[in-house]
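Modelling step: build the complete structure from the supplied sequences, incorporating the hints.
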Amino acid sequence: MVRTWSHRLVECVLTSILVVHIAQVRIIFKLPEHIGHYPHPLAYVEWFTSLRRRDPVSGQFVVTRSTRNHQRNVSVISADRFAHPCHLQAQCGRKITLDWTSDNVLEMVSAFHVNSYISLDTFVALSDCY
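First residue of the sequence shown? That's 9 in my numbering, and the numbers climb one at a time after it.
Keep in mind that the hints were calculated from the coordinates and are not lab data. Each residue gets a CB set at the ideal place from its N, CA and C atoms; glycine is no exception. Among the hints, erroneous ones may be present.
As the list claims (entries may be wrong) - Listed next, with one range per pair, are the computed distances between beta-carbon atoms: (1) D107 x R61: 24 to 34 Å; (2) P40 x Q99: 36 to 46 Å; (3) S127 x Q32: 13 to 23 Å; (4) P64 x Q32: 22 to 32 Å; (5) H78 x D111: 18 to 28 Å; (6) H42 x S110: 36 to 46 Å; (7) K103 x V82: 23 to 33 Å; (8) S86 x E115: 21 to 31 Å.
Structure (structure tokens):
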């Protein structure tokens, strides 16, 4: 989970609200010294959709890959924005595809449940969402 800020106009008052987004970290890196100094490592991440839709049975948030122009929505962010890890469960029907492995499931599945019951920190962070 990554901390981001959302600025919303509420009753003519601009407020900043801490928002949690789900991202898959692909790589963490530091910039070479000749490019300049940055105080924290950077991370290349792929975003998932906002925490807006809940599964009616489990109550868990359902997310899919976020896209822009039919490509995965990606960013380079400062690693200090990481809130804490989260657990995604593949959303599946009555049968689980035997092709899925722990190495490829994030690439093969289109929708995931954000497991809010995996830890108390995750439960508390997600209970305040929307």
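Each hint tested on the structure:
At roughly 26 Å, the beta-carbon separation of D107 and R61 lies within the given 24 to 34 Å, and the hint holds. A hinted range of 36 to 46 Å holds for the C-beta pair P40 and Q99, which are about 41 Å apart. Distance hint for S127 and Q32: a CB-CB separation of about 18 Å, consistent with the stated range 13 to 23 Å. Taken as a hint, the range 22 to 32 Å holds for the pair P64 and Q32, whose Cβ atoms sit roughly 26 Å apart.
Remark: the range hint 18 to 28 Å for H78 to D111 is upheld by a beta-carbon distance near 25 Å. Taken as a hint, the range 36 to 46 Å holds for the pair H42 and S110, whose Cβ atoms sit roughly 38 Å apart. Between K103 and V82 the beta carbons are some 31 Å apart, a value that agrees with the proposed interval 23 to 33 Å. Taking the beta carbon of each, S86 and E115 are about 26 Å apart, inside 21 to 31 Å as hinted.
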